[in-house]
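Colleague: These are the residues of each chain, in order.
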Amino acid sequence: DAKTTQPNSMESNEEEPVHLPCNHSTISGTDYIHWYRQLPSQGPEYVIHGLTSNVNNRMASLAIAEDRKSSTLILHRATLRDAAVYYCSLLQGAQKLVFGQGTRLTINP
Amino acid sequence: DSGVTQTPKHLITATGQRVTLRCSPRSGDLSVYWYQQSLDQGLQFLIQYYNGEERAKGNILERFSAQQFPDLHSELNLSSLELGDSALYFCASSEDPFSGNTIYFGEGSWLTVV
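Line by line, the protein sequences give chains H and V.
For the first sequence, the positions run 7 to 115 when our numbering is used.
For the second sequence, the positions run -18 to 95 when our numbering is used.
Just chain V, same shape as in the assembly (with noise of 0.2 Å):
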């Protein structure tokens, strides 16, 4: 258990429509990163915020957002869903990155459009 928490686990939707990942990071974790796993493209890193602010942007798509709160859960939220967008999504925590110390990822969320 790495400590980062990811709900929903798997979830179900159709082309369309909107969703909200949601992830709570390790205790005293500042900074969330959000990755997006699907079969043909791998790994690929979406966005980063730390401590409540947006440092970096990867591959997120205008439809895609995320945000991270006062109390640094984050939510990253899917709208207009293609059936392309079906992945496992990742966050990940860490508590300084500026050390480069370790990130630590939770069990994903698996998004089915249909």
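Chain H extracted, bound-state conformation (with noise of 0.2 Å):
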């Protein structure tokens, strides 16, 4: 399975952008990138996901990397509801999501 690693950790300040770096050096063609976050206690919650164009919603942007081995999630202006451990998550052949370990986000008021 391919995988993805990430930062443990990310420190931001409120209303500063954040961008959460993801590599993924052996995604394959067809694999999609998608972004999660959980926090304490509750199902992880669709953020945002690609496959080879940067993307943008209400919540976030992505920015994929030309080759596809990296990606970054850009969360334009944190608030305080944004500290949560964000997942970058590899989706494979339409099958099965691939979890990598997480960063945990902490904003400072």
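Calculated directly from the structure, the hints in this document are not laboratory data.
Where hints are given, some of them may not hold.
[As the list claims (entries may be wrong)] Taking beta-carbon pairs under 7 Å as the criterion, some of the chain H residues facing chain V (in silico): (1) Gly49; (2) Tyr52; (3) Leu103; (4) Thr112.
[To be verified] Restraint ranges, calculated between C-beta atoms of paired labels, are given here: (5) V:Glu43 with H:Gly99: 34 to 44 Å; (6) H:Pro27 with V:Gly23: 10 to 20 Å; (7) H:Pro27 with V:Ile(-7): 37 to 47 Å; (8) V:Asn58 with H:Thr58: 17 to 27 Å; (9) V:Gly23 with H:Arg83: 40 to 50 Å; (10) V:Val95 with H:Gly35: 27 to 37 Å.
[Stated by the list, open to error] Non-contacting residues of chain V with respect to chain H, defined by C-beta distances greater than 10 Å in every case (computed): (11) Ser(-17); (12) Leu(-8); (13) Thr1; (14) Arg3; (15) Leu62; (16) Val94.
Every residue gets a Cβ at the ideal spot worked out from N, C-alpha and C, and that includes glycine.
Using the supplied hints, reconstruct the complex from the two chains, each of which is provided in its own coordinate frame.
Modeller: Following this line, the structure appears as structure tokens:
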């Protein structure tokens, strides 16, 4: 299985942009890149996904490297409610979503 | 609210016992996934069903089994339970995994084996 690698933790300040990196150097051509976030004792919440092109939605932006071996989740203006564990994951063969270990994001007021 | 419903939310059972976890996917979603989350293993993919048929298996133990019924709800059966099976079990669903679209997770079932 292709694997994702993320920093264990990151810290940012409220109302500032946050860039969460992810490496997936063994990604296959048909694997989709998905990002989820999880609060304690809750299910993972979908954030964004993409295949090759950069993507934007109301929650975040996803920047995908041209070789697809890395991606960056961008939160444009972090709030305290964005504090969570963020998972970069790969949807492989339309069959399974493989999660990395996640990045714990702390937002300082 | 993701629209994925899991029951029960919590259960405590003894070693050697058997439990069944139930999942109702979002309306219209044909694909169901099961995940196990423990403190030391993170989110582990167990199994996926699409329209009633098993499509992919992950790190699912032989003591565990699952199925997806004609009405698309799914059950995960865990038998001969061990202390190490204590974890949060998530069900997720998606409409069309072939287009890589959004996968929605339920709130999970907390299983404690004592």
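Colleague: Each hint should be assessed against the structure and marked as holding or not.
Modeller: Hints and how they fare:
1. Gly49: Where the cut-off is 7 Å and the nearest Cβ of chain V is about 4 Å from Gly49 of chain H, the hint holds.
2. Tyr52: holds (5 Å)
3. Leu103: holds (6 Å)
4. Thr112: With a closest approach of 19 Å, the Thr112 of chain H hint is violated.
5. V:Glu43 with H:Gly99: 34 to 44 Å: violated (23 Å)
6. H:Pro27 with V:Gly23: 10 to 20 Å: Between Pro27 of chain H and Gly23 of chain V, where Cβ atoms are some 18 Å apart, the hint holds.
7. H:Pro27 with V:Ile(-7): 37 to 47 Å: holds (40 Å)
8. V:Asn58 with H:Thr58: 17 to 27 Å: Since the Cβ atoms of Asn58 of chain V and Thr58 of chain H sit about 39 Å apart, the hinted range of 17 to 27 Å is violated.
9. V:Gly23 with H:Arg83: 40 to 50 Å: Given range 40 to 50 Å: violated, Cβ gap about 29 Å.
10. V:Val95 with H:Gly35: 27 to 37 Å: violated (47 Å)
11. Ser(-17): violated (7 Å)
12. Leu(-8): The assertion about Leu(-8) of chain V holds, with a minimum of 15 Å to chain H.
13. Thr1: Its Cβ never comes within 10 Å of chain H, the nearest being 19 Å, so this holds.
14. Arg3: Arg3 of chain V clear of chain H: closest Cβ-Cβ about 15 Å, beyond 10 Å.
15. Leu62: The claim holds: Leu62 of chain V sits with its nearest Cβ about 21 Å from chain H, beyond 10 Å.
16. Val94: holds (18 Å)
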